[in-house]
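K.L.:
Make a model of the complete structure from these sequences and hints.
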Amino acid sequence: MKPAPRRKRPFQRRKVCVFCADSSMKINYKDTKTLSHFITERGKILPRRISGNCAKHQRELTAAIKRARNIALMPFSVLST
Amino acid sequence: MRRYETIFITHPEVSEEELSELQGKINSILTSYKGELIKLDDWGIRKLTYEIRKNSRGRFFLMDYAAGTDLIREMERNLRLHDRVLRFQTVKVDDQVTPDSLKALKEAVGAEKVKTPERIEPPAEAKVPVETPKEGGEKE
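Heads up: the sequence lines are chains A and B, in that order.
Residues in the first sequence are numbered consecutively from 143, following this note's numbering.
Residues in the second sequence are numbered consecutively from 137, following this note's numbering.
The set of hints was computed from the structure by calculation and includes no laboratory data.
Since this is a predicted model, take the numbers as computed values, not measurements.
Treat the hints with caution; some may be incorrect.
[As the list claims (entries may be wrong)] Just the calculated beta-carbon pair ranges, DEER-fashion:
(1) A:Ser222 to B:Ser156: 40 to 46 Å
(2) A:Leu221 to B:Ile181: 19 to 25 Å
(3) B:Lys242 to A:Arg184: 41 to 47 Å
(4) B:Ile181 to A:Val220: 20 to 26 Å
(5) A:Thr174 to B:Lys228: 19 to 25 Å
(6) A:Val160 to B:Val245: 28 to 34 Å
(7) B:Glu153 to A:Arg184: 40 to 46 Å
(8) A:Ser222 to B:Asp177: 32 to 38 Å
[Claimed, not checked] Using 30 Å as the maximum straight-line C-alpha spacing, the simulated DSS-like pairs for lysine-lysine come out as follows:
(9) A:Lys172 to A:Lys198
(10) B:Lys190 to A:Lys186
(11) B:Lys228 to A:Lys208
(12) B:Lys228 to A:Lys198
[What the hints assert, rightly or not] A few chain A positions that, by computed beta-carbon distances, are all more than 12 Å from chain B:
(13) Lys157
(14) Val158
(15) Cys159
(16) Phe161
(17) Met167
(18) Thr176
(19) Ile187
(20) Leu188
(21) Pro189
(22) Arg191
(23) His199
(24) Arg201
A virtual CB, placed ideally from N, CA and C, is assigned to each residue, including glycine.
P.N.:
Written as structure tokens, this is what we have:
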């Protein structure tokens, strides 16, 4: 059996890393307001392919989110209701 | 010396006595290990995003200081043993701190402290001019 032909994804504009675009934005683990843009409703870290961050900033971001989780500023998981 | 930042969360119903005792302990560690405190912030009682030891709230403190590695070990050991401290986390902020840069940092913190009351004051000052014309009017 032949595999079903893959559907072509519509062309998407390549997103630019927000931290590269705006150098005044700093990644800090205490700044939960900024970090909260990069987690899902369930508290998971958004993947790079969705957030559009560059590798460098994504790395910093995940470290910051994990630090924030450690001191209960951000959730490890949010139960869906 | 390096610059570190420690956030520690205490029990929300911690008494002032216990706090001053804890602070005294921190200060004695800082002096005996030749550390320099830059600032100690009290964030107040905040909601925790998950329960820690059945507590859904905690009192947050942010401590910013310059220290060596042996101080950190002693500080964390003491925080771990303290039963009113729910959680702590130390992060290295800067690799190299010289006495000069330390002085500048302390001054910056001091300036911030002066600024913040000013920021709070303006609304009070804004009220005063409203009142003064009335007084002036009465005098006339």
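K.L.:
For a quick check of understanding: which of the numbered hints are violated here, in increasing order?
P.N.:
none
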